[in-house]
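Asker: If you read the protein sequences in the order shown, they are chains A and B. For the first sequence, position 203 matches number 203 in the working numbering, and the numbering has no gaps at all. For the second sequence, position 253 matches number 1253 in the working numbering, and the numbering has no gaps at all.
Don't read these hints as lab results, they were simulated from the structure. Treat the hints with care, since some could be wrong.
List of simulated lysine-lysine pairs, DSSO-like, C-alpha gap at most 27 Å [what the hints assert, rightly or not]: (1) A/240 - B/1104; (2) A/142 - B/1142; (3) A/47 - A/104; (4) B/1047 - B/1311; (5) B/1311 - B/1227; (6) A/240 - A/230.
With the C-beta cut set under 7 Å, the calculated list includes, among others, these residues of chain A facing chain B [unchecked claim]: (7) 33; (8) 36; (9) 111; (10) 123; (11) 129; (12) 144; (13) 145; (14) 148; (15) 156; (16) 226.
In silico negatives: residues of chain B with every beta carbon more than 12 Å from chain A [claimed, not checked]: (17) 1009; (18) 1016; (19) 1095; (20) 1097; (21) 1158; (22) 1263; (23) 1332.
Cβ atoms here follow ideal geometry from the backbone N, Cα and C, with glycine treated the same way.
Number of protein chains: 2
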Amino acid sequence: MSGDATDAQAILERARVLVAPAIAEALQGLNPELRVPAQYHCDGQGKGTRPALAILSTEVAGAPSEVGLAGAVAIELIHDFSLIHDDIIDDDAERRHRPTVWAKYGVGTGVITGDALHALAYEALLCDPTPCRVRAAHELTKAVSAMIAGQSMDMAFEHRSAITVEQCLAMEKGKTGALLSFASSVGAILADAPEAVIAGLAEFGMHLGVAFQAVDDLLGIWGDPAKTGKPVSSDLRERKQSVPVVFVLNQNSSEAAELAQIYARQPAEARQLADAAAANVVPLSDEAVQRVRTLIEQGGGREGTQVLAHKHFELAVAALNCVAQTNSVHTGAIQQMQCLAEFIVGRDF
Amino acid sequence: MSGDATDAQAILERARVLVAPAIAEALQGLNPELRVPAQYHCDGQGKGTRPALAILSTEVAGAPSEVGLAGAVAIELIHDFSLIHDDIIDDDAERRHRPTVWAKYGVGTGVITGDALHALAYEALLCDPTPCRVRAAHELTKAVSAMIAGQSMDMAFEHRSAITVEQCLAMEKGKTGALLSFASSVGAILADAPEAVIAGLAEFGMHLGVAFQAVDDLLGIWGDPAKTGKPVSSDLRERKQSVPVVFVLNQNSSEAAELAQIYARQPAEARQLADAAAANVVPLSDEAVQRVRTLIEQGGGREGTQVLAHKHFELAVAALNCVAQTNSVHTGAIQQMQCLAEFIVGRDF
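Generate the whole structure from the sequences, applying the supplied hints.
Answerer: Structure follows, in structure tokens:
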């Protein structure tokens, strides 16, 4: 795996060198009140997997990487916008060991900075409205709408019981899959690739997104805080209905019954709050978190989620192999895409 | 004026009958978690001036009103998104005598519902990407970016002194003018009207926006709470640097000195808060608000703002008259547009 990781780092670095100046230029167009918080967020940025997928998907289609640049910029701006707003929604004050935008600049600035990046993403594509870019912009609106729908379902799950694994997966397909699907195919759209190539890459990205989200759910429970940048078991503390939890709750087992009981237990004062706005979830205690962790492991939630992640990763690779059969594609880029996929999903699972 | 108002009501009603079903259909596409708060917001909706301008601008260009429908839907969705987010930013719990979306459903739901409408607006145009619709979508991204820039400047003004009337107007051009400019010209864009018609209508809308915002600033100080739906003098209570205030502060007068002193005065505990996020503006007392109101009136801020509103209204009408000189335009629709403009700006000034 270490060889693969090094390859993946090189792929990410190559994309970063190409995309970072274009992102910086896009942010330069903002007025200072928006540019400062936007740059603050982007400086603390992650690995840049989405723009790297966008660049690779251009190369898969046999086009120069520059052809996919606007798509890479757009997907990164959308990703940034969604993180800034998600941190407000989830009340997360820290990301990558730094204060989040709202925690540093206030909720209002967080809201409006996210809005600015959201609009800027469409502008990055529509400023030169060739038919391919217009199609990419339209696909982007659909992916963003799906992402928002997934996020809103995730929020609703907090106040609901009896969620099925299928509902949970549908939520994660929207929340994470839609954008990764767009990232993995936008370069091919911009390169005017055959429909089969575009569709195959989009399918690859969708399954990759579900696999990634399943791994992320595992990290939210068993991940090392030093690596995830989040408090240990933060998802359980917040009674999050992630895949491992929902997997157990849908079994007919003593672990399921006890887990349901702990998740449902709320202090009396919280139950009395009728207003949905005020009824924030009361965090679980340290003892409860530890017990829940054991119950999920014993109830098969960890293994079940690992199986799911593997399954969707295999489906992603299968979709990529189908694309590789197409005459016109660049197989070296396909291999790099698979390497990147392994890196994305391979984290500690 | 009452005859004009009746005409304007008829114009608005005609547009509403056309646009409301299309908006309802767009919202139907949202999942229930987003649809419920979005519909709640839209049910408490205002006069629908923006979609009416969009429909009229289609008719000015001699096209059937249906041609402008997607533009009317897009501008209304953007307006709704901006109101939902502005209420979070401004911490406003009430709009039109009802709880705002965040106050009813929580801040997280407010953020994501606004995001959903933002994305939906572009989708309304790009779902059928004819060259005219693509151009409209691109103009919309620019108008939204300008609106967001204006809003962020407005927020920054709260923490700054020494703002000039010009800076204040530049902010209001962005915050209100950009969207009204888009609303007033999008129908002509969709109707593929001559460039001079599109540009003239955009200029009309920009000046109308500045005039409207100046009147809105007056209403924020002297408006009747029963009509504005906001607490009396709410802008002063929040030490807002609106045009009437900035007008006085830029004079060399005793009123300016006293006004600056009252606006700058903060309780000791507020001064100690170093973090911008925590340093919310402490509201002025009832006595201070009353004194500030008198100072603005005596310092010429009320009259100066009225003059400004009149000037930009006249510039809007002049732009419209230029459009009326073009061969191809429909003068009946031009007259209706002027009638609507009078109604928009004419409120109590």
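Asker: Are the hints correct? Go through all of them and say.
Answerer: Here's how the hints hold up against the structure:
no., hint, result
1, A/240 - B/1104, "23 Å, holds"
2, A/142 - B/1142, "20 Å, holds"
3, A/47 - A/104, "22 Å, holds"
4, B/1047 - B/1311, "24 Å, holds"
5, B/1311 - B/1227, "25 Å, holds"
6, A/240 - A/230, "14 Å, holds"
7, 33, "4 Å, holds"
8, 36, "10 Å, violated"
9, 111, "5 Å, holds"
10, 123, "4 Å, holds"
11, 129, "5 Å, holds"
12, 144, "4 Å, holds"
13, 145, "5 Å, holds"
14, 148, "5 Å, holds"
15, 156, "5 Å, holds"
16, 226, "27 Å, violated"
17, 1009, "33 Å, holds"
18, 1016, "25 Å, holds"
19, 1095, "15 Å, holds"
20, 1097, "18 Å, holds"
21, 1158, "10 Å, violated"
22, 1263, "20 Å, holds"
23, 1332, "33 Å, holds"
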